[in-house]
Amino acid sequence: MLPSYAPKQRGSITYSNGSYPRSKETFSISPLRFQAKTSPRVLGRRKQLILRLALIIVVVSLFGLFLWPGGSIAPLFSLGLFSSSEAFELETVRYYDLSNVQGTSKGWEREERILLCAPLRDAESHLRMFFAHLHNFTYPHHLIDLAFLVSDSKDRTLPLLSELLEDLQADPDPRQPFGEISIIEKDFGQKVNQDVESRHGFAAQASRRKLMAQARNWLLSAALRPYHSWVYWRDVDVETAPFTILEDLMRHNKDVIVPNVWRPLPDWLGGEQPYDLNSWQESETALVLADTLDEDAVIVEGYAEYATWRPHLAYLRDPYGDPDMEMDIDGVGGVSILAKAKVFRSGVHFPAFSFEKHAETEGFGKMAKRMKFSVVGLPHYTIWHLYEPSVDDIRHMEEMENERKAREAEEKKKAERQKKTKDQFTDVGVQWQADKSEVAKAADKAAADEKVAEPALGVGEIKKTDTTPAEAGEAPPKPQEEVRGSLGRRY
Amino acid sequence: MGPVRALKRTNPLTVTVGVVLCIVIFLFLLTPSSDTSASAAHRKAHAASNPLSPPTSPFRKSNERARDGKRIPPPVVHYHMNNLTSSANPLENRETILILTPLARFYQEYWDNLLKLSYPHELITLAFIIPKNRDGNAATAELQERITKTQKTGPENERFASIIIERQDFEAPLSSQSETERHKMENQKARRAAMSKARNSLLFTTLGPSTSWVLWIDSDIIETPKTLIEDLASHDKDIIVPNCFQRFQDDKTKEDKERPYDFNSWQDSQIAKDLAANMGPDDILLEGYAEMATYRTLLAYMYKVGGDPRQEVNLDGVGGTALMVKADVHRDGAMFPPFAFYHLIETEGFAKMAKRLGKDSFGLPNYKVYHYNE
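Chains as they are written, first to last, in UniProt numbering: chain A, 1 to 491; chain B, 1 to 374.
Looking at chain B on its own, in the form it has when it is part of the complex (with noise of 0.2 Å):
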């Protein structure tokens, strides 16, 4: 008889409090579509009709066949790539991002560190290349793990645009990734060269027509600070890096320290090109080993307690761990030489050959990423 009785009671107050609390209901309901209609009106618009299309963008999905049976041929797609920028402000451009990793282990505060990037995620794709080998398959499956709970189920605005995942069969020098078989002098050669191969594949495949910047980031890349991609893009270089260090431990005092990590990235020495002049044609200068001592400036050692990090210095040769390139440098065809390039390899190849492009490769030595400790 409750309801009866409630009922009874036409009291203005009731009808009030109704409004009211419907009013605060919509309020609910209204805001959090307005939020994001924003970066789902962007996700929409930039959705592609097949799986054909460029994997940068999503695609919708549907069945490709129609209904009596045929098969709808993809749509005549134009891309203006006059249009396509890649400046200072890439927010007031929506200029996309490809952020790239060769991926040899999952790390979840590599991923944690991605979602905290502050550049809106519907203008971000995520692409990574894994071996298909045991670690790999580990690997991929917490990766696939962490990007169904952001893609399906976690905020709008927290997810990215599309994230290609690619697997390869490496050959085998990167089967064995602990860190002291990896940096064996002798092994570099043939692990760089795999790992060029590794990169190019990701690069050309996921390149696409739309993409204004690429960003690489190696898998051991644990903390970046959160506007990365606007802090590197506002230098307006075509070839930029963070400089990459690594927080450890000290054994004896126990306290909380970091040291310089990437030594790839660096300024030549009169010392390294006599070396390179005397060496085989096949023959590749490494940084960083004691048998071969190259007297190069390191940006890893240019780091100084509280100097600018908006400093920049001119960089001969750059490291991947995080790196920032315009897509520009890349379409005109830079890429990581698997082979000795000016008696380089790699990343170091990469800016070498950008240079024989005219591109020109800047570090920045006081602002910092940092990198695993294993």
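Bound conformation, chain A alone (with noise of 0.2 Å):
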């Protein structure tokens, strides 16, 4: 057998019917030669034959359409053989082996492809700034998978997100558009606001979490597919993080891993503060204290309620310090998790439920931990999440705004004061010098008649009328601006 790209050769040197070839000089000796298709007679019958054979075709897909009028005629033309691959095939069988995306330190070399969760909620304002970051990561995009979970929101989300997704993949640069791209569209009919106050409110904490949980959830579980070997969340408030954060996170090769988690501040609040506090290492106290609570209780961090003792890693940032250094931890913060795909394939998953009393991402760490995965975090290796002033802070700011605006009034009043009272009073400074001058050339013209009389006592006479002038240039307006402001306020 010759393979398909082989010339065929066959054709070119035999011919079909396998005789040498026949020029038309060449004698034909056969004289008992089959003449039929010259016969009218003949030629006339079959016409007849194609005109009731067309006549019938007709009669019958009329006959047809009366009977099925929905029907479509395209079958009866393929004769209901390609009834099933007219405009594309189907594949049905999809095939796929887990040992080769188990996740590996150099995932952009092997072209592992990372599935990126971001669950969203309320998120209009963010979402340009997160696509911006989209935009400016390294890692190839193709192989990124954005999962996207819109649920519960009020405002424009949904239609933002897939303006700016659609824009995405269309983008002119092929290094641009990424991988498969899902926005699921579930309400969990959260009745907990999403406002800055009542989401770190200590009681809304528990139930809140817990459906986060049930909505991260829902996302990974409708998202994941056999071929991913990484799975990355990130919250959509992240205002700062590195372009390579998937390729530096990546690099240690461990199962869970975070970066350290912080915000900036207004200078007045000290620039800088730890945010996400999450991620800790697990204490004695705090498993006592697990020990001593109801099965229920989701012991939540960052409370007074709840003094577990834990080190947490956004407290042990050092600016200075190595971003590659590790730290073994227990609970994680979902602001932005690297994790193998392998992870969530075994089972674990974010708590809706108390597990070991913890719920979400700190269950998750948690539950990751008890199938003896890594979970590690990075405490200088920091990102920066969104500032949004808390209610206390917006007081206080507000504060600061009337008192800078009480500052201000006040300073506008001041020169207010100032122009009317140059506008109002005309100044009498000129006039002044002009009679200090005269009354001086009219001292020492009468100096001069006196000098001739008593010329010892002159000299005294014209310094008192040297500063009598300047006294009165300034002070005469004051009583009398005075009096005239409290009048104008009376009336």
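It is worth saying that the hints were derived from the structure and are not from the lab. The model shown is predicted, which means the values in this text are computed figures rather than measured ones. A virtual CB, placed ideally from N, CA and C, is assigned to each residue, including glycine. One thing to keep in mind: the hints can contain errors.
[What the hints assert, rightly or not] Which bits of chain A does chain B cover? Going by a derived footprint, with three or more residues having C-beta under 8 Å, they are:
id	stretch
1	162-169
2	224-235
3	344-353
4	382-394
5	414-428
[Said to hold, decoys possible] To list a few chain B residues with every Cβ distance to chain A over 10 Å, as calculated:
id	residue
6	K61
7	E166
8	Q168
9	K189
10	D332
Combine both chains into one complex, guided by the hints.
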């Protein structure tokens, strides 16, 4: 058997009828040539037959159309053989070898696919910032699949997200578009508000975290595919992060890894602050505390109600420390988690119930540890969360704003007053000067006159007249203005 | 000269016979396509455009690169999961079923049984996870052969919407699969932990955004009622298990008999709870071992001859031989713990975890499925 690309030599050498080529000049000795084609009688009958056949087909198809008015006639022409592959061929069987997607430290070289998960709720204002981050990722974009869960949003999160994603996929730069993109719409009927105060209030934490966990699980289970090697969880409200964050975290080759999360603050609040307190190492105190709690209780970090004395990743940051330094942790924060997909495949998820007294991302860390996966934090590798002022901060800021306004008003008033003074009272200084010189002249004259009579007294007289006009030039308007001012206020 | 003579006789009878024949031919051509058009249309409508799509839907075979050699970026796809239902009448809502099977050995009867299921096959996705060892390779080869037969050349209404085969390296314990070895108590924890991981891998990579129900069937379940899916769904329970039996031949009497097989479906007992209370955090309770008498009420022994097949009982632990779960239960996070979860593991731990998430399990003592007899 020749390969299909080999030139077909058979046809070019021999003729299909197996005989040598005959030219027209070749003399034919066959007298018994059948000449039916030229017979007009048979030709006429054939025409008749074709006509009849055509008539029959028309009648039948009309009949068919009458019987199945909605049915397509396409299967008639394709004889029903290609009905399943008219437009395209469907592939229904998929084969995956999960040992190829375990995740390695150099995923970008092995073309390992990452699933980027971002749960969204009323996040319209952060979306553009988030997409700027997406644009900047240095990990090959076509290896990143994006999955968004939009739940219970009252703003324009969904339309804006679709619009931005469409733009992203239509980007003329071939390095920009991402892999599979899923937008999952699912409402969980969350009653908890998403504003900062109610979001971080202690009482709301347990149920809020459970709902968040549920959302995360729905997102992951809907978007995780057998071809994913890594899963990256990223909040949309991260303000600053290195473009190489995926590679940086991946390089450590850990099952679950998180960076340190801080947030910038206004200067009057100290400039910066640890943000994510959910990444911590377990402490004896917390374990003892956990034993005393009810089965459904959830320990939440960063609240005075539960003093756990755990070492937090956030507080261990040294701005000049080695960014590659690792620290074993037990609870993880959800702002930016890179995990091997095998962690999720083996069943680790975000408990929407109290798992070892923890829920959501902290419970995720606990469960990963329970299944003997490595859970690591990078204390000196920091990303910056967006600063959203709390209600207290807002109050404080309002106070500061009011103070500033009051101060400005005061200054303005002062300036106005000065202006008014200037405008309403004619400047008598010139007159005074003139008068003064007049007086001086007169005095000089008088002195000159008196010099003749009494020269010793003249010097003192001149001195007196010299100081009087200067004092009078400033002093007189003051009492007058005060009177006017008080009058003006009264009426 | 034959045809010429026939043409001469322009008999009206010939014409009518021809017309009738033609109609018959067209009828023959049209009927099968109009029969399958609903399922074919469904298949086409639910086909995804690229191989990165959720594996529960078929995808269009086309090269990923456009004519100018550039990669065509996949489209932005919206999944409206608010509209997803798992109801008592799945057929009416065109709900999709995901049948999951951790496959160790391939049994022809298992495959035949799947093909017999009466639920529309275009709404069923099959997914298998098979270990990467010698037995697994053999099973994969056999399975692929049957799949090709069904999906490529089989009748359209027998073809499944999509089939996913996953291979995974299991840890050692699963390598020896003989029944006696498999059921030894000390091997149980490691074996079932590995099994849990296999189940979780299979589940979380195939669930996707459009599955309504997940049906777990072990590869050695060789006989179920044809209407298994409709029957189990009609109870409208989050988690529901039929009773798993095994047919065998009595050695003495040579009679065909059946015996209960799956002991992992049970109602908890105080004795078991006390046992658990005195255990270390990583120890597990096992069912069906004389060394560990739990005195739990087993679904297997609740079967009554002539009992109502629709009778339901509450369960605290479930077995995985046949197990129907609303996809939402898994989405909320209920999985098969590969570690001691409240001293339970795998499917039993799953029932417990579901309970922690507020989902209850039920058993059907008089509705039977049959396990292969080794």
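Can you give the numbers of the hints that this structure goes against, from lowest to highest? 4, 5, 6, 7, 8, 10
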